[in-house]
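As given, the protein sequences belong to chains A and B, one line each in that order. Take 2 as the starting number for the first sequence in our numbering and just add one per residue. Take 4 as the starting number for the second sequence in our numbering and just add one per residue.
Just so you know, these hints were derived from the structure itself, not from any lab. Treat the hints with care, as some may be off.
[What the hints assert, rightly or not] So the derived label-pair ranges between C-beta atoms look like this: (1) B:727 to A:26: 53 to 61 Å; (2) A:26 to B:881: 28 to 36 Å; (3) A:26 to B:155: 19 to 27 Å; (4) A:24 to B:278: 42 to 50 Å; (5) B:153 to A:24: 23 to 31 Å; (6) A:24 to B:582: 51 to 59 Å.
Idealized CB from N, CA, C, for every residue including glycine.
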Amino acid sequence: MHLKPIAAGLACCLLMVACAEVKPWQRGNLAKPIMAADPSPLQSSMRQHNYASREAAGAASSGANGGGCGCN
Amino acid sequence: MPPAQGQTEAVVAAIKPPIHKTTIKSSAFQALCLSAMALPGMVATVQAGSDLLNPNPTGASSTANGQANLNNASQTPIESFDDNTVESADDDDAGYQYSHYEEAKRNLWDIAPAVDNNYTVNSTGPYKFQNNLKPITVDSEHGYTRFRLSDRVRFAFNYTQDVWSGATPWFTAPAGNFMVANPQSVTGASYQANGAGVGQFFDAHGSPLYQASSVSLSDYGNTGTPGLPLTLGQSRIQHVMGYASPEMRNQIDAKVGYDWDNASLDVGGGVSIEHDYLSRFGNLAGRMDFNQKRTTLNVGLGYTNSDTYATLNTGESIYGGTVLDPTVSVTQLPTMTMIDGSVINQEVIKGNRQDGAITLALSQVLNKNSVLSAGVGYTRSSGYLSNPYKDVMAMQLDPNWRTDGYGPNGYVLPVNAFPGVQYSVASAVLKEQRPHLRNQLTFDLGYRYYVEPLNAAAKINYNFFHDDWGINAHTFDGEWRQALPGHWTLTPYARYYAQSAASFYTPYVLTSMLPDMSNWNDFSSLASQYFSSDQRLSAYGAISGGVTLGKQLVKGLSMELGYEYYNHKGGLALGAGTPDYADYHYFVANATLRANLSVLASAGGSYNSYGMTDWLGSLLGDGAKPPVDAHARHRHHHGAAPAGVMFSHMLDKAGDFMLGYRYMRNTQGGSYLNGSQPVSTDQLVSPTGTACQPVSQCYMASTAMSMNMHMLDLMYAPTDWMTLMLMPQFMSMDMNMVMPVAMDMNAIGGGMDVSGWRTYQTNGGFGDTGAYAMFKLWDDNDQKIILTQGISIPTGSINVMTEFPGTTDVVYSYGMQLGSGTWDYKPSLTYTGKMDNWFWGGQLSGTHRLQYANSSDYRLGDIVQTTAWGGYQFTHWLSSTVRGVYTNQGTISGNHFQNQGNVQNMWMPEDMPGNYGGSFADVGFGFTASVPYGSLAGHAFGFEWLQPVSTDFNGYQLDRTGALSASWGYKF
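Excised from the complex, chain A in its bound form (with noise of 0.2 Å):
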């Protein structure tokens, strides 16, 4: 239902001239904490451990992060 956005948003990107000039108080609905990265950093840091140590794909998507598995 979001791919129309992603389309736009990458169309965007590419041709970055396009892109509405945003000025710094005009950032406020960004700033919101709900509109953050990752609002909750714990719960997301453990959900990636779960995957990382579940899935063949998870070790890697955690990047630059190390730490052992706790898990077998």
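With chain A fixed as given, assemble chain B onto it according to the hints.
Leaving out everything else, chain B in the frame of chain A:
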């Protein structure tokens, strides 16, 4: 929350985070701001403007888990003034999370009846049998704090502990080859090798077949009638599960970050420690903002170096677990000779792996409501990449079984009624062999959009993964973050993951016997191949979904509850999936508490313009003066009781909250005492020793024990005279053991393979939960009397088992369980007094078990404790205490039901109910520091060391070596 201290100050507090500390110190600007901000209508304008003057708004954020934030676009300089969702972006915060992961029981299959007594095969085929193996559970706690060391320098610290146990796939085999000896048993690690891979039919595709029906083998052997004897049916594959005793992982990591105006650099590192795995890692993350911060570029570099040190357990020595790969290091531990002359040999797999990663991510603010992000990553892993506990079953097939006499019962069939069907003549269980190099690529795309009419945020992500092991994986996930009135946030989310199998994934390995049979039972040719039966390398899909409920309890303090369900199915793969034998599902529940320290302090009405650094500076005598009325306002931790004393302090007035954390660590070590007399280990384990009556002899003894308790104090005062308190706790414990005598289990009715014993036990998880009400009986400001009525709710497990190879699994000793199992009554009476700089107190407290026995048929002893202390307040922020403690605890009554009638389960003094409790005297030395004013005002820290001075145990116990208590409290 106390009322604001005046409008000007309250507004300063609310908008303080985005304003630079040096800025606010600039008095001219401060005056301007103060006057402007006193007018609510002007706030937003001032906010936006102030950013221009601010060289470093809070834009450089870091996530709590030690990673660089992939997308900083949301950390824009202006603060939202929608009070419904306001949460400061300030970096001074702390959080704690507890989570519980639990898998469901997996399906196991058997063939019934395999062969009856008349050698007549007449099976109805595979059937699912009740699997009571305790599935894997993981209990985790995660604490973090982060704060600014200076205007441009950030610091973050994380601590994580995982404790897990339960049944996990060990290898994969055709049904009927391995059976759980006692499927009704809770753990049942023991498998009986029921044929164990020899005599198994396979079709031309390598799928297992079972003997569905035949006449008596002796008949068809004699008559040799073509086509009659054998009917084969399609069988099943199943996992062979192994139970893992509780294991623990501890991880600490820290990060330091530096912020420029439009960039930041973070350097971090940490270590993860398990008994068999040590991992150290470091990372570097850089961020650059362009386009007035509309575009953010993140670059990350990471390096991890990990050592495996896996002692092979006995189960593997029974069934194989052979290491063929010549590049894997297998070493023999030094042989141990027991007092009775017997010898123990143990093998260890050692390996090292290195992982290097680079990530590149870009985020772009598209418009005032949406952000797009994209990233690529490359990870290179090399070294020992296998899992030392995952095995692969190998079976050798005879293609000529019909004619060479290797078929069932050695009969030769004259006609080939089963073209393509093969019959296994040898089997082995091998350690999995993965390649020693893996290159991985990831690609991410994310988009989030603010839905203004609903005050919600929608977020979708796609991730593609590719590696040179043949795995391609796709992840789609989306979430809807809905802000609700009353500071609630509800976030449902869903995720789909699908991967193809690694090229070397196989449920089992099949090899062929040569026609001349010269290679019978020889699997050495597999040494140069790669194979793994790990379900994580199979082809499958997984659907998961969950919901997170967030609530801002008070300004600066928020709570989250999360639940997730995850379903792994071969049938959900995008292409052809692995059959359903690997299907399973799990759930995770988590609870999180996060406190923004400076917002809490602001809400309490203390001075922000006088920061902690100023306060520290004043201690060092640099001339800075505290605010004039600081003393009048500072929190009264004056005369704080020692950190090890609970229930000594109530909240002052109705409506107050207090958040606290307590840590207690008890250690035991040195030699055993019988009462108060030392006993050597040799005496303890000698055949005439009495420490393990009625078993008559101990076989093992502990050399060190430690117990850690992490307690959360949540206090609330509904009235001035009563304070309610809820105290959940997380426990972890460790015990090191020696076994100086090899157990002659036959003598006491068991049968244990001594080569699989471990030198440690570990356990951890959620403990019992305390609920208390404290009543103010007397308070004349200098002297107080508090009566506490409490209940301990038995939320901690008392049935944690250890794998004990070759025999039934055994319940952990009483002291290694996580709770009492009973509802307990916990009253206390506390008196405190103070005069000038002196303060003192005393407390009488007890624990009475309200039930005759817990659900496992035993009851811990009651406890009575008296303590008295005196202290001196050196300065308004530091005090010191000395105290004496006397404790008496009874023995355990009853006996854990798992041990009743199973004397072979009791082999060390800690397994005997009579070896618990005693009378103890200790002396404690402690100090308490409280931050009197500044941005962290109201925080109090306490430490106390308890030194044993007299010990009189009931029975035989390992000597006490002391206890440490630490506490942190914050009232608001």
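_Given a hint of 28 to 36 Å, does the C-beta separation of residue 26 (chain A) and residue 881 (chain B) actually sit inside it?_
violated (46 Å)
Is the hinted range of 19 to 27 Å satisfied by the C-beta distance from residue 26 (chain A) to residue 155 (chain B)? Check passed, 24 Å falls within 19 to 27 Å.
That 23 to 31 Å hint for residue 153 (chain B) and residue 24 (chain A) (C-beta), does it hold up? Because 30 Å falls inside the window, the suggested range holds.
Exercise for review: Could you check the hint for me, namely that residue 727 (chain B) and residue 26 (chain A) are 53 to 61 Å apart, CB to CB?
Suggested key: Since the Cβ atoms of residue 727 (chain B) and residue 26 (chain A) sit about 45 Å apart, the hinted range of 53 to 61 Å is violated.
Using the Cβ atoms, figure out if residue 24 (chain A) sits within 51 to 59 Å of residue 582 (chain B).
-> holds (57 Å)
Do residue 24 (chain A) and residue 278 (chain B) keep their Cβ atoms within the hinted range of 42 to 50 Å?
violated (56 Å)
Of the numbered hints listed earlier, those contradicted by the structure are 1, 2 and 4.
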